[in-house]
Each structure stands twice: as C-alpha cells, then as structure tokens.
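Dock chains P and V against chain F, hints included.
Chains as they are written, first to last, in the working numbering: chain F, 828 to 1093; chain P, 3 to 380; chain V, 3 to 375.
Derived from the structure by calculation, the hints contain no laboratory data.
Computed from a predicted model, the values in this text were never measured in an experiment.
A portion of the hints provided could be inaccurate.
[Claimed, not checked] Derived Cβ-Cβ restraints for the label pairs, each shown as a range:
#	chain 1	residue 1	chain 2	residue 2	range
1	P	H199	V	E366	29 to 37 Å
2	P	L12	V	R149	21 to 29 Å
3	V	D252	P	K202	38 to 46 Å
4	F	H1091	P	A19	33 to 41 Å
5	P	A19	V	D252	23 to 31 Å
6	P	L12	F	A878	26 to 34 Å
7	V	K240	P	H199	49 to 57 Å
8	V	A297	P	S375	22 to 30 Å
[Claimed, not checked] Result set (EDC-like, lysine to aspartate or glutamate): computed pairs, CA atoms no more than 16 Å apart in a straight line:
#	chain 1	residue 1	chain 2	residue 2
9	F	K1027	P	E10
10	F	K997	V	D230
11	V	K339	F	D1076
12	V	K311	V	E332
13	V	K240	F	D1076
14	P	K27	P	D347
15	F	K1090	V	E332
16	F	K997	V	D89
17	V	K375	F	D1081
18	V	K306	P	E10
19	F	K1059	V	D155
Ideal placement from N, C-alpha and C gives every residue a C-beta, glycine not left out.
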Amino acid sequence: MKLFVTVKQVPDTSGKVSVKPDGTLDRASMQTVINPDDLNAVEAALQLKDACGCKVVAFTMGPPPAEGMLRELMAMGVDEGVLITAREFGGSDTYATSQILAAAIDTYGLEADDIVFSGRQAIDGDTAQVGPQIAEKLHLPQVSYVGAIEKNGDALTVRRLLEDGYMTVKVRTPCLLTCVKELNTPRYMNIREILCAYEKPLTVYDYDALKDHPLIDAETIGLKGSPTNIYKSFTPPPKGAGRILEGSDRSTTDELAGILAAKHLI
Amino acid sequence: MDFNLSREHLLIRKMMAQFTENEVKPIAAETDRTHEYPRETMEKLFDLGVLGINVPREYGGAGADALANAICIEELSKQCASTGDIVAAYALCADPIAAYGTEEQKRKYLPMLTTGHKMGAFALTEPNAGSDASKGQTEAKLEGDHYVLNGSKIFITNGYVAEVFVVFAMTDKSKGTKGISAFIVENTFPGFSVGKHEEKMGLHGSPTAEIVFQDCIVPKENLLGQEGKGFRIAMATLDGGRIGIAAQALGIAEGALQEAIQYTKSRIQFGKPISKFQNTQFTLADMELGCEAGRLLTYQAAVLKSQGRPFTKEAAMAKLFCSEHAMKTTTKALQLFGGYGYTNDYPIERMMRDAKITEIYEGTSEIQRVVISANMGL
Amino acid sequence: MSANYNSTDLGAFHNVWVFCEQRGGVMTSTTFELISEGRRLADELGVELCGVLPGDGVDGLAKELGGYGADKVYVCNSPLLRYYTTDGYAKVLCDLVEAYKPEILLFGASNIGRDLAPRCAARLHTGLCADCTHLDVDLDGYAEFLRKEFRLDTDGMSFTSNLFDASANLKMTRPAFGGHLMATIVCPRFRPAMATVRPGVMKKRTYDAGKAASVEVVHPAFSLAAQDIQTEVLEVVKAAGKLVDLIGADVIVSVGRGISKDVEGGLKLAGELAEELGGVVGASRACVDAGWIGADHQVGQTGKTVRPKVYVALGISGAIQHRAGMQDSECIVAVNKNETAPIFEAADYGIVGDLFHIVPLMIESIRAAKAAK
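This is chain F alone, in the form it adopts within the complex:
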C-alpha cells in the first residue's frame, strides 16, 4: 500500500496582502506557506503510515521553490517527494492542473491498494476542484470533506461532512479523499526527520517526463489549455474611514441593516 498526497505551496493569504498598482496581487511580497487543508491530508497519510508502516509520497506542481515545501513534509515524516515543474504547465487552471497531477501519479504508479489524499481546497484559488478532478481523470471513487477515516482491510469507512451533519460512506481502494481541518491536527516537523529530510528521495517530473502520458496534451495544459480564463481581476476597494451614523433611533439602525445587507453580511 502506498499513500499519495497532493500538496500546494500557496501565498499566505491570511496575513497582510499587498496589491500592485495594476490591481493584481503582489505575490512576490507574500510569504509562502503549505496549504492548510493539504497539511490535514499529509497528517491523515502519516497517521495511516504510523499504523501500517507504508510509504507516503507527496506530489506538488509548482515552481522550483516548491522543493523546500517537499523537504518540510519529509521533515514531518513523508518518505518521498515528487516535484512537477515545467514552463509548459504554468498558468494552468484546475482542469489542466488536475490532468498534470493525475498523469504524474499514474506515471509514478498507482496500485489497487493505494490511497490519494488531497486537501479540500487551496487558500489562493479557493475552488476545491483539483481533488475531485484528479479522481475523475484517474477513475477513482472520491469522497470529499472527509472528517474522519477508519481503515478495515481494503475498504475505508469515512465520514463526509455536510453543513448540518455528516454521511458515513464506505469506499474501496484505490480512492481519493479530500480532507478538511476537522479531520485531524497536523503534526509538527520533528528533529529526527529534519536531520534526514534532505537525504530522502525527491524526483522532479519536468515536461519531458510527462509529455508522452495520454493525459498530457499541449492543448489541455498550461494557460492555453485551461478551459477557464480570467477576464478581469480587481481588488475590492479598501475600507473607508469609519463613519458615525446619524441619530440613535430606528432609522439609524435601519440604515445600518441596509449597509450590512448590501455587503451580503446578513
């Protein structure tokens, strides 16, 4: 049994974010972090590894600095890393990205008792699409919003979270699970694993490594191949200076309610 995890290095959008004069985000000025939901996916894989002793392989598609993230995951206990990086893959939307990741996982070798763990969504795109789309491309059953996992033989009993409760679902391997923060508390790196992180195997899949895979088609990868395009992007205007609403009666509170309603806050 092998456990695959798809991980993304993302800008830290929870902190202060700066905007360039043209309205686009200044990515260069932002710290990068490991996507939080992906850490839950890594932790789920590592917990299974603690129980069964199997191998955990992390896959990421990104520019060369993403290798640093793979080393951090190895410092948590991940055994191997695969960095998928190529100019041709840049600018991919979720459809194109999931094709590439699926091709990479398939190239590495996906067997009947393997499991793919993904985070539910990334904090930059916020789409939650890549996990299910990888599952579709690899013809794997998927369960998303996984809040609990139990392994019994070659089947998994998982809890799919709903807004007001959950479904208990049984799924056989190979399968793909998307993980949410309720699933677990990701572990820290630890000293022993840090000291050997840089010795663990890290493979780079560039364009040549994947170009012959059936899922990789110049027409379906990268910016050109992405079904969706950005038409416009802009930053919501900054918070104006506060203002004190006039009066202290029902008309005042009505005005406030109107403001909140217009902002979709109620």
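What follows is chains P and V alone, placed relative to chain F:
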C-alpha cells in the same frame, strides 16, 4: 566563514517557532500565574525529539548538535523563559551521562531520559556552596556494593519533576575539588526526597526545589566517571550548559524586543506612534544590536562545541553577554511600555522578572568574568 | 462520455440548467436562489431555464422550482439516487448534459455541489468557476455591477478581449486569495459554462404560483446500475448542535463595560443580536475579569485575536488591548454612549447611544432586512 544556518538548522528554527506560537505562547501567562509545570508541553517536546536532542540516536535521542539545542531553547524562550529553562536544565543531566557514562549506564538511563519521557536534573549547588562549588558538604560513602549519600542540594531546576539526577558529592573530603564524584541518582532510590519548592521572582513555570539525601542508597555502578573526577565533569557540563542559558537569555531579549516594537508602533502619543520618536528608535536599535551580537556569540560557542574544539571562554562570553543584555533589554522595553508595561496585561513585566536569574545561575556573571580572564593568560 | 461528445461545439449548446439539490426529499434553499438567478440569465439570453432533479421519488418537488422561474424540470428518480453519491449523480447529470447540451450549468456551492460540479466538469471537459458571488451575461450589466459594488471607474476600463467575445460569454465573478482579490472568470471555448454559487448570495424571486402550475416535468431516460457507484452510503446523520468558536466565527457581537448597569440584560441582548446575525458572543477583558462571562469569550491582547466578517462592539471603549484583538475584522460596527470613545476610530460604522436602547432596534432592523431578501 559562512554565517548562514544550515538547511537543517533553519527547519529546526521554523519548527520551533511554529511550536512555540501554537503550544507555548497561549499558556505562557497562565503558567507564570499558576506556577504550574508545563507537563503537556514537555511531553510534546519529548515526542518531537527536542528533549534529548543531543543524545545519540542509538540511545533514543535525535543525535543533533549543540547549535540545534541552542536554537530550540532560544525559540522557546522568546515566549516563555520557564519552558526554555526546563529544556536547558534537562541537558545538564542527559549530556554528562552521554559523555561520561559507561555503556551500561548509557543503555539504562539515556532511553529513560528520551523515549521514556523522564525529566532530568543536575544537582551541584548547596546552601553553602554556590559560586564556590568546591565547598559542597554532601558526602558519598562507599559501603560494599553501594554508596550512601548524605546532604542536600538547593535551587535545583526540575527538582520536583525529574526522575533522573546527576548529583555531585564528596567521596574524599581531604582532596578538595579532587575529592568530588558524580553519581546518577533516581528519585526512587531509598533516602532520596524532595524538599522545599522554591517560590521565585520569575521563571514560575520552571520547577525549582531542594533535594535531600538521608542515607540515600546509590548502587556502586551509578558512579559516573571515576571517583574524584566529579568536579571536572561538573565544570565541563556547565560549559555546555552555558550555551543553553545564553540561548535562553537571548530568546528573552528577542521576545522583549518584538513586544516593544509592536507596542511602540501602535501606541500614539503627541500625535504619532512613539516608534517615530528618535529616543525610542535609538533604544530599540541598541536592543537589536545586542540581540545580534548575542546571537553571534551564542552560535559561535555552539559551533565550536559541536566541532570538538575548546569553547569554555566563548560559552562564558555568550552567557555573560546575553544575560546582561536580557536584563537591560527587558528593563528598557518595559520603560517603553510605560504604565501598561507594569501591568500583567502585557508579557513584558514577566520577561523582566524572568531575565534576572540568567545573570546568576549556571555561573554568575562574576564567575563568567573569572572564566574569561582565566582564559586570557593574565 | 461518448466518443462523439464535443464540448467545444459551442453552437450546439442551449439553455440554462440548474442542478437542483435535495437532501432527504427537502430542496436546499440555495437551489431556489439559483433558479431565480438562472431565470434572469435565461431571460437575458432568450433561452429556457431547466432544473435537473435527481433523487428517489422527488416529483413533488418540481412544482416549487417552477414557482421560482423554471420552465422545465428534468426529474430522474431511482433508489440508487436516494442518497448523494458522486458516481451516481455525476453519471446521471453528465449523461443528461450529453443528451441535451445546456450552455450554462449552475450548482449551489454546498458540500455536495462542490463535490459534484468539479467531477462533472472534468468528465465533460469544460470550465468550472467555484463560489461565484455574481453572474452576468449582459456587458452593460456587468459594468454597472463593477461600478455599484466595487466603486470601480468603469469609464477607464476596457471590456473587450482579443482572446474571446466578452459579450457572449457568461461572466462569473468570485473572491479569491482569501477574499483579497475579486476575479471575473469566463469559459470561452467550452460548454456548458459551469459555476458553483455561494449560498445566500443570490436573491430569491417572488414565488409565482401560476408558473409553478405550468412547469413542465420531464422524466428523461437515463441508465444507472449499482455497479456504476463505487461508494456505499452507510448512514446520514444530522448534527445535534453546531459548535462555533470565536476564531472560526463569521460574526462576533462583543460586550464591554457598557453592560455594567444590567449585566444579564446586556448579555441577553448581545446573544439575541448574535443569533440574528448568525454569530457568537465575545467580550472585552473588563467583562471577563468582572466575572460576567467566561474567559473563552475574551477578545483582545490577553484574549483571542479574531478576524470575523462582522464585529459588533457594544459598550466597549476600544482601548488598545481590545483593538489589538479585533482590528482586522472585515466590518466593524461600534455602539457606545461616548462619542469620543477610541472604538469609533477603529470602527467602519458607529452609532452613538445607549446599547440597551440601540441593540433592540438593531435586532428589529436586521430582522426586517433579512425578511426583505
């Protein structure tokens, strides 16, 4: 000369910063208030390999170097000097066993101190023997297959939580410092008891106690090193321990500096943030300078130690400098906070109370100067 | 998908479709919001609005979809569709899309919608835009939206693109980068253009009983066998009560020293206001120290740092220790008797007055605003 930390050391720092932010910072004020030993934090630090970081891998440790230990203590101390102190003092027990123990002693005690999650302590100081360590009165008499220890030790960090102690006692009163021997003592040995729990000005989370030996039976095989070599073992252990305390004091200063920067940038008086006034800026600049200097001294001592080179003078310099800087920085930082700094709304008053002891324990600043001058050929 | 299904043959795709999500025979309210929105888009395009309703014995739900604007509802009943499974619902939906070729396909961005939509988009080889907060066909309408909602200077902007026909494509606007950026996405080369839409964002239309009565219910042929579904639903459980904490809350209503004259009353009002806004109650340190509320409610330097969408500060002076814990909230509303209270410097909107007088009025106003939506 490469001043950059290695990739591994950078990851260690990153991990410790995350750990400290999530696990230590939220309970630091409460720990100071309740004086409760942060047991859960210590369990996690055992799991992460931070406690036992320098113990060789084959005995359950992480097998990392002195710089790794210093970085861990530094990061922890930025938010909670008590936590940093416990980790620093632990090493004074694990390190001499690893360095001077027989194979049997190492195989027995190092796993207890690492995978066994047992806390360790170092017991040298006595009521009448502080800086003058050679005047210790605790005696160890050999009687057949065991030693009998009588006496007491005070101000022992981890005193009432540790299960393994490295204890120094006189096996031959006539030989002065050459009559001191080191022993590995478990808190379960008959005749061992914990006395007074010290209530201190600061480091409230660090458990400090008196240890009492009343006809305490210590097996013969628990003699650490040879009879009469105990003083050398103590001094060598303290040399390394000073790097840990330097790191602790450095962390305190760095934490105080960060708090001061944050506060002065948001506190508005006379129409602007007080960080814009030159007096504030100069004060902060001096703090920054001292932190940078202290960091370089501490890391240098750590690297020398891990390279197996002499480091006694450098460790003393680091400890002396960082501890005095910590006291100065926390005092000045509190001044920048004004009245608010004197309240426990902000952590700065705790940092100031915590900083003071770093100028005293593991060799007072005066003793550090003795050590430095002794290494200058004067 | 069959070999000759071609998602790039734009001209072959017509009509606006909405995936109608029912759970246990109850339609989600987002579905009605989507039908309402779909009606608007269908009108702009001059095409039909159809709902797709998979389930087990769900014919009875079709009428209400008509009442909110659907012309037609494709109902697919099967015991295998009783509970949501990715495989079951994706197969039925994708097979129908292949058969009928809608140009737009909308889903509510619920846990289920966000599971189903990407799987379908991948299978259909088309584009999907997640968590949309606004949809536009008409370019002028889109420009108006940018002016009104975001105060952008549309006169200085170009709306044409040399890569695609901006006027003909569905423009899907959504927040990205944790809300720091808004992006309008198009899917120019494939159909259907798919979007998941955030619950509670689109407005429900007025119910039209006449339209409900005349909605066309179709039972299209579809094939679904047990072996098509690779997961097994063992149980569906509704939670007893949802746990919310300060850090995760979207709305926090905090009390301060201003409630001192009637602590119990003040806390009760805050709780009512919080419930009305869908949030939780927080407190300043003064309240915690005075023993009026537990320490886990404390916001501020020695409490928790929070960043909710809405932070309402009631009777809180706004000393620096409190502000440090909440100043990055998206929308800060302050109520305080003292107009010079520092909290007003941090707040987006302030009301000067006695909170015991103001908060009941706020609750009334908010209730009224919600009902109007």
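Comparing the hints with the structure gives:
Evaluation of the 29 to 37 Å hint for P/H199 and V/E366 yields a failure: the beta carbon distance comes to about 58 Å. Between P/L12 and V/R149 the CB atoms are about 48 Å apart, so this pair departs from the stated range of 21 to 29 Å. In this structure the hint that V/D252 and P/K202 lie 38 to 46 Å apart at CB holds, the actual value being about 44 Å. Checked against the hint of 33 to 41 Å, the pair F/H1091 and P/A19 passes, with Cβ atoms roughly 37 Å apart.
Checking the proposed 23 to 31 Å range against P/A19 and V/D252 shows it holds: the Cβ atoms sit about 29 Å from each other. About 31 Å separates the C-beta atoms of P/L12 and F/A878, a value consistent with the hinted range of 26 to 34 Å. Checked against the hint of 49 to 57 Å, the pair V/K240 and P/H199 passes, with Cβ atoms roughly 52 Å apart. In this structure, V/A297 and P/S375 break the distance hint of 22 to 30 Å, their C-beta atoms being roughly 52 Å apart.
Using a Cα cut-off of 16 Å, the hinted pair F/K1027 and P/E10 holds, with the two alpha carbons roughly 13 Å apart. Our distance criterion of 16 Å between C-alpha atoms is met by F/K997 and V/D230, whose separation comes to about 15 Å. The suggested pairing of V/K339 with F/D1076 holds, with an alpha-carbon distance near 13 Å, which does not exceed 16 Å. With a C-alpha separation of about 5 Å, the suggested pair V/K311 and V/E332 falls inside the 16 Å cut-off, and the hint holds.
Distance hint between V/K240 and F/D1076 is unfulfilled; the C-alpha atoms sit about 41 Å from each other, more than 16 Å. Distance restraint check for P/K27 and P/D347: the Cα-Cα separation of roughly 14 Å lies within the 16 Å cut-off, and the hinted pair is therefore satisfied. For the given pair, F/K1090 sits about 11 Å from V/E332 by alpha-carbon distance, which is consistent with the 16 Å threshold. Restraint check for F/K997 and V/D89: satisfied, since their Cα atoms lie roughly 13 Å apart, inside the 16 Å limit.
For the hint linking V/K375 to F/D1081, the alpha-carbon distance of about 14 Å falls within 16 Å, and the restraint holds. Between V/K306 and P/E10 the CA atoms are separated by roughly 33 Å; this puts the pair beyond 16 Å, and the hint is violated. For the hint pairing F/K1059 with V/D155, the CA-to-CA distance comes to about 13 Å; that is within 16 Å, so the pair holds.
In terms of the numbered hints stated before, the structure departs from hints 1, 2, 8, 13 and 18, listed from lowest to highest.
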